[in-house]
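Let's have the full structure, built from the sequences with the hints guiding it.
For the protein sequence lines, the chains are S and A, in the order given. To convert a position in the first sequence, counted from 1, into our numbering, add 156. To convert a position in the second sequence, counted from 1, into our numbering, add 10.
No lab work stands behind these hints: they were computed from the structure. Keep in mind that a hint or two might mislead.
Stated by the list, open to error - Heads up, simulated DSSO-like pairs for lysine-lysine below, C-alpha to C-alpha not over 30 Å straight-line: (1) Lys-258/S - Lys-62/A; (2) Lys-258/S - Lys-87/A; (3) Lys-87/A - Lys-70/A.
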Amino acid sequence: DAGVIQSPRHEVTEMGQEVTLRCKPISGHDYLFWYRQTMMRGLELLIYFNNNVPIDDSGMPEDRFSAKMPNASFSTLKIQPSEPRDSAVYFCASTPRATNEKLFFGSGTQLSVL
Amino acid sequence: GDSVTQMEGPVTLSEEAFLTINCTYTATGYPSLFWYVQYPGEGLQLLLKATKADDKGSNKGFEATYRKETTSFHLEKGSVQVSDSAVYFCALSDRSGNKLVFGAGTILRVKS
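Now the structure itself:
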């Protein structure tokens, strides 16, 4: 298996632009998580899905952030409009069942908002 | 709410030195505990885990023991290598068992 695949690997954009991050989880994994990593706040859970349904989005910072999972093999995290404080590494992770199982992380998307 | 506190880094050691990275937690009930490692430019990988009190997780020479009485899960390795240089994250599963709560991470640098 290729593992969790995220794209793009790097994204540089200007403030106010829309940004879309993409994730393909490992086939057969029922849970998908979006995390954000910054020096100041460490690793924060933004949202997670179970069987394509959003279960907990309490970590989404504000209405500018939205996430979708239209099918079992694809998820997006969108920021509109983007701001410089959104600059971070965004990770997607998947797991077959509940989190007591091993989480498989993608390589992340490094987002820079100028 | 649930939380994890790790020792601040960076931790800088010479090759073959002994490593300890402290981790304490606050949680309701008895969560499962984890150590994840992040190598440069990569996502996190599970290093080891323990699911109940007094369990010892181990992998690649690293060990951690689930101590309920001190709410701790310290990571240890007897002899570090340059290739162990990475960021180490302590984590717990929340009450639902569906989410991981991570500590801030500890940078480890091993010099040859």
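Hints, one by one, checked against the model:
1. Lys-258/S - Lys-62/A: 16 Å, holds
2. Lys-258/S - Lys-87/A: 21 Å, holds
3. Lys-87/A - Lys-70/A: Since the Cα atoms of Lys-87/A and Lys-70/A sit roughly 9 Å apart, the hinted pair holds (cutoff 30 Å).
Violated hints are absent here; each numbered hint is respected by the structure.
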